[in-house]
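Just so you know, the numbering used here puts 113 at position 77 of the sequence shown, and the rest follows in order with no gaps.
You may find that some hints are simply not true.
[Claimed, not checked] Dumping the calculated DSS-like pairs for lysine-lysine here, alpha-carbon to alpha-carbon at most 27 Å: (1) K44 - K185; (2) K115 - K259; (3) K261 - K115; (4) K223 - K54; (5) K175 - K261; (6) K253 - K175; (7) K253 - K111; (8) K253 - K114; (9) K261 - K114; (10) K222 - K84; (11) K223 - K43; (12) K175 - K259; (13) K44 - K222; (14) K185 - K253; (15) K71 - K44; (16) K44 - K54; (17) K43 - K222; (18) K115 - K267; (19) K84 - K43; (20) K114 - K175; (21) K267 - K114; (22) K71 - K223; (23) K54 - K185; (24) K223 - K84; (25) K54 - K222; (26) K71 - K185; (27) K261 - K111; (28) K175 - K115; (29) K185 - K84; (30) K253 - K267; (31) K71 - K54; (32) K111 - K175; (33) K115 - K253.
[Stated by the list, open to error] For each label pair, taking beta carbons as the anchor points, the in silico distance ranges come out as: (34) F235 - K111: 35 to 45 Å; (35) G113 - I265: 17 to 27 Å; (36) D121 - F39: 43 to 53 Å; (37) L87 - H262: 41 to 51 Å; (38) F235 - T107: 30 to 40 Å; (39) T69 - G189: 15 to 25 Å; (40) Q118 - P75: 28 to 38 Å.
In short, the hints are calculated from the structure, not lab data. All C-beta atoms, glycine included, are put in the ideal place defined by N, C-alpha and C.
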Amino acid sequence: MEFWDEKKRALGALDYFKFLDNDQVINACRIGTIKQYNPLETIFYEDKGTLTNVHFVLSGECLLLQCLNITVTLKNGKKIYQLRDASEEGISFMSRMKTRSSSNPSQLTGKCASKENICDFGGIAGKNTTKSLKSVVYKNESHFIDVGKLTFGAIFGLGENMEHRVIMARTRVHCLLLPRFFLLEKKQNPGNIWQRRLFYLDCTIPSRESIFSHFLKGRDWNKFKHDVIQKTLYSSVNYKSRYEDIPIICRIVEANDEDSNIAISK
Numbered sequence: 037m038e039f040w041d042e043k044k045r046a047l048g049a050l051d052y053f054k055f056l057d058n059d060q061v062i063n064a065c066r067i068g069t070i071k072q073y074n075p076l077e078t079i080f081y082e083d084k085g086t087l088t089n090v091h092f093v094l095s096g097e098c099l100l101l102q103c104l105n106i107t108v109t110l111k112n113g114k115k116i117y118q119l120r121d122a123s124e125e126g127i128s129f130m131s132r133m134k135t136r137s138s139s140n141p142s143q144l145t146g147k148c149a150s151k152e153n154i155c156d157f158g159g160i161a162g163k164n165t166t167k168s169l170k171s172v173v174y175k176n177e178s179h180f181i182d183v184g185k186l187t188f189g190a191i192f193g194l195g196e197n198m199e200h201r202v203i204m205a206r207t208r209v210h211c212l213l214l215p216r217f218f219l220l221e222k223k224q225n226p227g228n229i230w231q232r233r234l235f236y237l238d239c240t241i242p243s244r245e246s247i248f249s250h251f252l253k254g255r256d257w258n259k260f261k262h263d264v265i266q267k268t269l270y271s272s273v274n275y276k277s278r279y280e281d282i283p284i285i286c287r288i289v290e291a292n293d294e295d296s297n298i299a300i301s302k
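Working from the sequences, and respecting the hints, build out all of it.
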């Protein structure tokens, strides 16, 4: 009975379900569940069609990670980054990442690549291979990009693009889970509200290509910043100050009394 009341309170707290009548609330409580996720635990990474559970965040904070599979080519001392086709890796890397994040949360560390808080989590991603072709050296890298956070009222699992994406708990998270087929039934879907929510999610979440473009801009900015700092430090170390560089006010020496008396007698 306690769990039943908890589900009813969760439905009442979310504005999405204000239109439900008593019978619909009972059905939602019967087939829905409330689940808790620990920090850095994988919540969602694979779409199973209409059998997928749609997640409604009740408390805590989740993060959306996008995996970018990148080919890094080193040619004439310059790194060239190219985004690989999403179909090359399949879904298996998400399973490996899920195992890693559950067994060793400390691996989720990285440094921000730009001021928009898009972070590089290259240390946890799938395979990293290096190949050499004549004078060109290239390797495959996988980077997890922190796309954004999800808090109370957020929805995921409606059928939005989850290609090489995963949703993880940043803090302890509670979610209400309802089967997608239940929400898409005509009675629970007046005016196609869930299709409109899906359209909004697909328009709001940036694509792989735009995230990769931002990733490149972040790396260019870091390189520019590093070069400017190094140039400034190098100039200051090699700069030799001269007597003329000392401000005049600092070079004025007050005459002592003896010198003053001599000057007066003359």
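May I ask which of the numbered hints given earlier this structure violates, with the numbers listed in increasing order?
The structure conflicts with no hint, since it agrees with every one listed earlier.
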